[in-house]
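Peer 1: First to last, the protein sequences are chains C and R. Heads up: the first sequence runs through residues 1 to 479, numbered per the numbering used here. Heads up: the second sequence runs through residues 1001 to 1439, numbered per the numbering used here.
If you're looking for bench data, these hints aren't it; they were derived computationally from the structure. The reader is advised that the hints may include incorrect statements.
Simulated pairs of lysine-lysine, PhoX-like, Cα-Cα distance not exceeding 25 Å [as the list claims (entries may be wrong)]: (1) K72/C to K1054/R; (2) K72/C to K355/C; (3) K1054/R to K344/C; (4) K355/C to K467/C; (5) K1373/R to K72/C; (6) K396/C to K467/C; (7) K344/C to K355/C; (8) K196/C to K396/C; (9) K344/C to K72/C; (10) K72/C to K396/C; (11) K144/C to K196/C; (12) K1373/R to K396/C.
Keep in mind that this is a model prediction, so the values were computed, not measured.
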Amino acid sequence: MATRPGEIEAALSRRYAAGFVTDIESDSLPPGLNEDAIRALSARKQEPAWMTEWRLAAYRHWLTMAPPRWAKLRLAPIDFQAISYYSAPKNRPQSLDEVDPRLLETYEKLGVPLHERARLAGVAVDAVFDSVSVANTAREELAKVGVIFCSMSEAIREHGELVRQYLGSVVPRGDNFFAALNSAVFSDGSFVFIPKGVRCPMELSTYFRINAGHTGQFERTLIIAEEGAYVSYLEGCTAPMRDENQLHAAVVELVALERAHIKYSTVQNWYPGDEHGRGGIYNFVTKRGDCRGNDSRISWTQVETGSAITWKYPSCILRGDRSVGEFHSVALTHHWQQADTGTKMIHVGRDTKSKIVSKGISAGHGQNSYRGLVKVEAGAENARNHTRCDSLLIGKHCGAHTFPYIEVKNPTAIVEHEATTSRISDDQMFYCRSRGIGEEDAVSMIVDGFCRQVFRELPMEFAVEAKKLLEVSLEGAIG
Amino acid sequence: MNAVLSPFVQSMHAAAQAARLPGSGIGWLDQARAEALRAFLGRGLPDTRNELWKYTALRTLERRAFAPADPDAATRTLDIDALAPGTRGAARIVFVNGAFRADLSRLDGLPGGVTLAPLSRELAERPEPLRFLLGSRQRDDDAFAWLNLALASDGVILRVAPGVRADPPVHVIHAGADAGGEIAWHARSLIEVGEGARLDLVEHHVGGGAQGHFADLVCEVMLHPRAGLDWTVLQHAAGAMTLLRRSDAQLHDDARLTLHALELGGRLARHEIRATLAGDRARFHGRGAFVLRDRQHGDTELLVEHRGRDTVSDAMWRGVADGRARGVFHGSITVAQGADGADANLSNKNLLLSRSAEIDTRPVLEIHADEVKAAHGATVGQLDENVLFYLRSRGIPEAAARRMLVRAFCAEALAGIEPRLRERCDALLAAVLPGEVLP
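Go ahead and model the full structure; you've got the sequences and the hints to work with.
Peer 2: Shown next, in the form of structure tokens:
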């Protein structure tokens, strides 16, 4: 295990010296998926043989699988042979002048700093300079306490043993159709390792990881928190990401050992398609956390406002005794967006607890489904779960759905589920309007109140951005 | 179709070929039955990938074969008055092992405007009005409904003319009896309540003997504008019985359906209730309780669809699982686009009394309209230890205290039942609860 700070630092600096980014840009594979494509992909990423074999095994399993059809989503079949599984965006704008003015307008509304705008809009990396120094400062600080935070490709090369030990241990290669696909062709992602007893000194964010904006369409993230460790990880950002890949299939694995606490926050704001439902990202994500040790804790917080299709169920396996799983979610669908999202809480250990808070907002022709499973295994003495799902409907043509599954095999368990669906009432609107608050402001105020319970779980600056994001996303939903 | 037909499907296929069903020879009916049989054979039994059967696996059923019918069903002696007390002298229609029993039924003395007859007789006398019920017009994927259509040999045809108030209640009794082997029967019923009419209906499922019969019952309920139906189901079929029921209710403008269901019997007992609130201001009020023990498997599927404007549904189910039992509840509320003003409420609470028992519950909301109020809740838990302690501290033995609490737990779902029937429910419940009976 390369956990000594010196080694890590050396590894980190090596990557930048090699100018890895430019390497990626220079080549790509022709569309199509077969064993040769995977071998070529693995070779280009300079992966060890075991990794290539792992990918191939996943691919062979994937071939035997069919895409899931149980979600309440309407989408055209995806042609997996039409996708290039190794490519860098070719036609990057060279400066902000070449970026779609509507995108810039959104950044303006969200108050995204100027230097970030370029990066988010996918302007070529060498045109972005400010964030490099930020990233390096962060890395130094992390290295001091032994935290490894790097890209997955780098981790495979530099921390092969760690990756080999944990990769696929939470989401197995053949777990589901999209996880198998991801396992075969994952492009890049984050790797985080927090050693025993370390409280990560800062919130880790993909912001700090240079090149994180181009992890490709098959992102793979692995976070390991050893005994007593703590980490808060932020994925994505509130600003819309420009991306030319329509299909995204990510896998995130979290491992919490004894007394470890992992907090994972996501703001997902991929391109949702236009107001007529054209375009937009298909986002199929498998996220799962394993509370492997006693007294461990995993919290998922997500704000999902982007993508044309969202298929995502961040889950917790509460294996350790007294382990705790949490899921807080706000999902917004507007125009023709469809989201089928929720969580699974699998209680295995004794005295395990889980809490689910899900807020769904549907506007326009949006379809929003909560799909959750709470399962109490026979040995999970005194398991507790509380689930609360609320849906808010804005407009005549949207839909809000709740599909909770509760399976209890232990008589000492207490499981509670409650759900409501309602719309913004005329009374609420009248109250606000009579106090001189404009219609859009009133809606955003009410929506903010509706989501507050979840926003509270977000790191502070994220929460402020998330609130603004909902406002922007709901523009034009009323009237 | 499965490459090799399972013993169950084979036995049903054989039954269809050998059967001489009432009404055969009528062109449209023969055609509908043949089509239904093809549909059933093509589908085979649903597996757990089917969302409506997710928690009810039919692998065991699939391996069993059933004799097509009980040849002596018409002559078996069965003490119906003991099996369904309180029905003596009342209007009642009795089926033993699926066959209509004129000697045990009482079809006269009904108020004017109420007609009650077995399907077999209606098919012989005036089949045409049943074209609507038996014509092949199913669009869904329910293999057992197709099987039922292909093989139903009897059932209840009950009609209430517009404006008629049909008091006192009409009893429908489905009784199982020893038949020297395991048999299957299929009953198809129609309950039609005319405009502004009212009906009290009590459905009993009783079992004499311990045979593991298979019954597949489909019931269509048509409630015309302003019609009202109070429907109570007391299901305490024989302990080895496989009982699959499906009830489809259509509610027109201002119609009201009140359903009370107490499910206690059967080895595998499933009731799929579909209530479609098609008309404006239609109301569905559902209450139910299931108490399962030993190796029982109980499955309640409650599917309510709001289509009209200003419709109301309110459902509350209580479940208890003891021993190695498995209780399944799936309550689904759908509010269709345009069904503005819908008000939907669903609650399902469950008690898990044993280490080997299991409860699976799934309260689903699908909302496609915005002027809607919808809420659901579900819980799984156990008896409150504090309350138990309180009772014991007052000298009530633990077993009796537990029993008392379980009864109270179920009582909430049965509260609205008319008092005489309520007593019957209590007695049935008392017979299945574990522990000592208080003096």
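Peer 1: Indicate, hint by hint, whether the structure satisfies it.
Peer 2: Results of checking the hints against the structure:
Of the pairs offered as hints, the one joining K72/C and K1054/R holds, with about 16 Å between alpha carbons and a cut-off of 25 Å not exceeded. Between K72/C and K355/C the CA atoms are separated by roughly 24 Å; this keeps the pair inside 25 Å, and the hint holds. For a cut-off of 25 Å, the pair hint linking K1054/R to K344/C stands: about 17 Å separates their Cα positions. For the given pair, K355/C sits about 23 Å from K467/C by alpha-carbon distance, which is consistent with the 25 Å threshold.
Pair hint K1373/R plus K72/C holds up; C-alpha atoms about 21 Å apart against a cutoff of 25 Å. Taking the CA atoms of K396/C and K467/C, the gap is about 24 Å. The hint holds against a cut of 25 Å. Simply put, K344/C and K355/C have alpha-carbon atoms about 11 Å apart, close enough for the 25 Å limit, and the pair holds. Annotation: proposed proximity of K196/C to K396/C is violated, straight-line Cα distance about 53 Å (limit 25 Å).
Proposed proximity of K344/C and K72/C is supported: the alpha carbons are some 17 Å apart, at most 25 Å. For the given pair, K72/C sits about 19 Å from K396/C by alpha-carbon distance, which is consistent with the 25 Å threshold. Only pairs whose Cα atoms come within 25 Å are accepted, and K144/C paired with K196/C is accepted, the gap being roughly 14 Å. For a cut-off of 25 Å, the pair hint linking K1373/R to K396/C stands: about 14 Å separates their Cα positions.
The structure fails hint 8 only (numbered hints given earlier).
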